[in-house]
Amino acid sequence: MIDGDIKNTIKSAIKGEASAFGLLYDKYQPQIYRFIYLKVSHREEAEDLCHQVFLSAWQNIKSYEFKGFPFSSWLYSIARNKVIDHYRTKKFFIDIETVYITEENDKKTNESILDFKISLENVKKAIPELPQIEQDVIIMRFVEDMSPREIASILNKSEGSIRLIQHKAIKRLKELLNNE
Amino acid sequence: MNKDLFTILKELKNIQPDAQYSKHSLDLIFLSKENQQSKFIYTGAFNWIKLHRLSATIGSFGILAIFAFIIASYLPGNKNGLVAEANEINSSIQIRLDEIQYQLNNQLISTSTAINAQNSLNEATKNLLNAFEISSNPEKIKDAVDNIKEAKDIIAELNSRLKENK
Chain A
2 MIDGDIKNTI
12 KSAIKGEASA
22 FGLLYDKYQP
32 QIYRFIYLKV
42 SHREEAEDLC
52 HQVFLSAWQN
62 IKSYEFKGFP
72 FSSWLYSIAR
82 NKVIDHYRTK
92 KFFIDIETVY
102 ITEENDKKTN
112 ESILDFKISL
122 ENVKKAIPEL
132 PQIEQDVIIM
142 RFVEDMSPRE
152 IASILNKSEG
162 SIRLIQHKAI
172 KRLKELLNNE
Chain B
46 MNKDLFTILK
56 ELKNIQPDAQ
66 YSKHSLDLIF
76 LSKENQQSKF
86 IYTGAFNWIK
96 LHRLSATIGS
106 FGILAIFAFI
116 IASYLPGNKN
126 GLVAEANEIN
136 SSIQIRLDEI
146 QYQLNNQLIS
156 TSTAINAQNS
166 LNEATKNLLN
176 AFEISSNPEK
186 IKDAVDNIKE
196 AKDIIAELNS
206 RLKENK
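Chains A and B are the protein sequences, given in the same order. Just so we're on the same page, our numbering is the position in the first sequence counted from 1, plus 1. Just so we're on the same page, our numbering is the position in the second sequence counted from 1, plus 45.
The set of hints was computed from the structure by calculation and includes no laboratory data. Ideal Cβ placement from N, Cα and C applies to all residues, glycine included. Honestly, I wouldn't trust all of these hints.
To be verified - In silico BS3-like cross-links for lysine-lysine, where the CA-CA straight-line distance does not exceed 27 Å:
{"id": "1", "chain 1": "A", "residue 1": "Lys172", "chain 2": "A", "residue 2": "Lys126"}
{"id": "2", "chain 1": "A", "residue 1": "Lys28", "chain 2": "B", "residue 2": "Lys55"}
{"id": "3", "chain 1": "A", "residue 1": "Lys125", "chain 2": "B", "residue 2": "Lys194"}
As the list claims (entries may be wrong) - Sample of chain A residues facing chain B (criterion: CB under 10 Å; computed from the structure):
{"id": "4", "residue": "Ser13"}
{"id": "5", "residue": "Lys16"}
{"id": "6", "residue": "Gln32"}
{"id": "7", "residue": "Trp59"}
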């Protein structure tokens, strides 16, 4: 969908057209799911929270107003709030996938230490250990390839502070990976 | 290292939601607006996801129980007839579980149905786990078979209820 199409689709969804919302869901659900999954590190919880985000979006789409920011910024805001609420009510959870990864990692001690440390799974595990705002910036900037301007609009911060957070986040992520 | 880290971060973009989950989630979202019962639908979605995984887990427990039975049959005083019976019942359980998975994939279920189904599957799991635990003792094979029969009855009843719910 190009920009004009998206605006028309959003307008139709606001009018209550399910098919239009379905198109928005198809376009944005994978990235919102990814955003949540990387923050909670648990597939079922990510599915549950992602469902809540789009349920909330559909129920409140009439209140959506175009303010020059992409539609995804509205969805990211809902997702961030859902994740924060999730952590307020549930502090600790051991993910079976994480346990599996840990066991797998133990088996890899003879392999190249550097390769091991920088592995995909280790990065996945390290991201949720960053402060929330740094997680958001890392995921949006480097996983979703969003511009600092776009991220600034979603997180309601200046582009300058996004660049500063990005710098700190990368530094902290490297430290986490080196300490494993 | 920077390059590696950024390459890995980009690779995380390959994380995708399960297609079946995505479709069902959207169906439930639309249903929620039609019914204006968001809480009801939200719980339904939550249970739907759990139910799928629970029924898959039961399948695994059934296989584990049979595996334990086969080991037990090599112990002194084995009772091969009971082992064969347990195996047959387990096959029946697997068929019913496949049917239950099909029902869950092809209908929208209410919260109460989901909770009841979840309770039934939990009960069946307990029976199969118990069968697995005691089946290594040849003296308790009969009790283990009774546990498997109980699980089979629970699952068959759940399957009938889901069919009626259509």
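Structure versus earlier hints - violations, ascending order: Hints 3, 4, 5 contradicted; others consistent.
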